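Q: Taken in order, these protein sequences are the chains called A and L. Residue 333 in the working numbering sits at position 333 of the first sequence, and the numbers go up by one each step. Residue 12 in the working numbering sits at position 12 of the second sequence, and the numbers go up by one each step.
Honestly, the hints are just simulated from the structure, not real lab data. Please read all numbers here as calculations on a predicted model, not as lab measurements. Beta carbons: idealized from backbone N, C-alpha and C, even for Gly. Take the hints with a grain of salt, since some may be wrong.
What the hints assert, rightly or not - Only some residues are given here: those of chain A computed to face chain L with a beta carbon under 7 Å:
(1) T12
(2) N39
(3) L42
(4) A269
(5) K279
(6) A282
(7) P287
(8) L290
(9) T367
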Amino acid sequence: MNDRAQTYLPGTHPDLPPPPSMVGVYGWLRANLFSSPVNVILTLLAAYIIYLAFPPLIQWVFINADWQGDTREACRREGACWVFVKVWLRQFMYGRYPSTEIWRINTAYAILALGMIPMFIPRVRGKAWIAAFLLFGYPVVAYYLFYGSAFGQVVVETPLWGGLFLTLVIASVGIVGSLPIGIVLALGRRSRLPIIQSVSIAFIEIWRGVPLITVLFMASVMFPLFMPEGLTIDRLARALVGVMLFSAAYMAEVVRGGLQAIPKGQYEAAQALGLNYGKMMALIILPQALKLVIPGIVNTFIGLFKDTTLVLIIGLMDFLGTIQSAGTNPQWLGFAIEGYVFSALVFWVFCFGMSRYSQHLERKLRTTH
Amino acid sequence: MREGTMVEAGTKVSSAIRGSGDAMVRMDGVHKWYGQFHVLKDINLTVAKGERIVVCGPSGSGKSTMIRCINRLEEHQSGHIVVDGVELTNDLKRIEEVRREVGMVFQHFNLFPHLTVLENLALAPVWVRQTPRKEAEESAMKYLERVRIPEQAKKYPGQLSGGQQQRVAIARALCMNPKVMLFDEPTSALDPEMIKEVLDVMVELAHSGMTMLVVTHEMGFAKTVANRVIFMDRGEIIEENEPGEFFTHPRSERTKLFLSQILAH
Ligand SMILES: Nc1ncnc2c1ncn2[C@@H]1O[C@H](COP(=O)(O)OP(=O)(O)OP(=O)(O)O)[C@@H](O)[C@H]1O
Ligand SMILES: [Mg+2]
């Protein structure tokens, strides 16, 4: 403190360390938890609530939990029965997919993981090619692995698909499909051609105006009524299209928000250089607009991911569906809570992962300072 | 040498060239409305190859609107605009053809903030002219040297000063090898100390023989490089003359008033 009182000749003032209230644990506590009387009270209150809630939670999840064994009899203590999750894990992950064929799903996961890893490493070159494969090649590979029929593989019909695997299929198809459709709809809504504009608006508003459950019901119950005799479309395929178009309508509005934020000068500069509409949008406008709305896009993805649980309504056994049905199994009645906690954890991991990736992307794409 | 002949040609141009094949830009009886508002009234203007024209006039007189009609950023409702032999109509092909040959520099630069300086420059040659990327980047570097900022090639526009950004914008337009360059108040968004660096680049460009139409209130620039100065007011071309005459013997009262206002400070 004495340092501060000292005077220096003009031009000779050295750099001094910041005051202790700004640095270290003490500084952090002061700035973040005890900066004002109200904050002191809130901090103490929060600490008290944590004190009340945490020990029982820890007890239930870890200390009093049962981990060993394969039957319901193994669960005798008052904590969580993780045996339940352990026993049913294969169902939760793959549904009724035949166990001899599960390697196909795992292979597809492995290919995806191998493709994704380089995307996170800054030094890797040719990311565009990898991304192109993931977007266009991978779905084909995955389809033949999951469904079969090529290379003499056994066909696994979609009613056997289930668990987290099914959830991931629906979510990925929804995510990969809804973004481009949403972009097209957003551009259509801003089009100067009245027909295109009205069609886009009608599409967006109709899909946004109905609950996803209704969409799924229509897809599974009503849609077959309109189809010609003898022509059936797979129930999963119908749900996929429903989910995809539903989120595309939301995506369109998110993207439109980004488009509106791009100044007119960007369009003019692009046009003045002779770029046509497609190139102007693809090279100048959309890259900027999409970057602006990454949080909104990821928000829609996360919402979509969680909404996939609604497919249970039309009889598809997704991740949550298998957990629920295991919980109602007469052998295992009373352990549904463990199942729900497990599903919450898994959903959280995926959604949090998406959220972190979007933050990483935003930082990476920032070009202004 | 070349400079002298240009100026001479310029003084005769307005009467001699109208309708001849030498015209780079020809506007014939052009009218434009915004709703009920008549912005451009019977604009007749011919710009010969290699001619440098400065357009001035009070705010709202239609200067920007007029030059923006030349590359169809604005649509005119009657009259004819012909750029390098191509008439501007609703035909998109022709509009794009004209835009390829006409470079434009804006008041607010309008660089693409998500691309580096080099990418800004190479973009149109690669995607519009189908130049191989390597070649486009090499020529982009040449233009960056010409506007004296080759060292900024890898930076993003947001990291440059206003003057540097405007020079990049000029280089970006030049990369398309345009036959005409349009400037819409290129220095009026700049701090005073940056105006000169941009004007220097423009003067150099003028000396290289580029056909230029410049909306500006930089009268020093008009005196050094313009063949003709055009004065606009309320959507009309009120007066056009070579700069010497224009500044010393303005003909109309409105021109006199305008000149007294801008020369006052
Ligand atoms: N998109 C538009 N819709 C309606 N009116 C417009 C539009 N753009 C310009 N105007 C009007 O047209 C007139 C001419 O505008 P213009 O931008 O060409 O003027 P200017 O001579 O370039 O002026 P400044 O020196 O301020 O740039 C102005 O009165 C302006 O308000
Ligand atoms: Mg203007």
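Q: Per the CB criterion, is P287/A less than 7 Å away from chain L?
A: Since the shortest Cβ distance to chain L is 5 Å, the answer is holds.
Q: A closest beta-carbon separation below 7 Å is what the hint needs, so does T367/A meet it against chain L?
A: holds (4 Å)
Q: Hint validation: L42/A versus chain L, beta carbon distance must be below 7 Å. Holds or violated?
A: violated (39 Å)
Q: Would you settle whether the hint for A282/A is holds or violated, based on the nearest Cβ-Cβ distance to chain L being less than 7 Å?
A: Not OK, violated: A282/A not within 7 Å of chain L, min 9 Å.
Q: Can the hint on K279/A be confirmed by a CB-to-CB distance to chain L that is less than 7 Å?
A: holds (5 Å)
Q: Using the nearest Cβ pair, does N39/A come within less than 7 Å of chain L?
A: violated (37 Å)
Q: May I ask you to test the interface hint for L290/A with respect to chain L, counting a Cβ-Cβ separation under 7 Å as satisfied?
A: Violated - the Cβ of L290/A stays beyond 7 Å from chain L, reaching only about 10 Å at its closest.
Q: Tell me if the interface restraint on A269/A is satisfied: Cβ within less than 7 Å of some Cβ in chain L.
A: holds (4 Å)
Q: Are T12/A and chain L close enough, Cβ to Cβ, to be under 7 Å, as the hint says?
A: violated (31 Å)
In this structure, the hints that do not hold are numbers 1, 2, 3, 6 and 8, in rising order.
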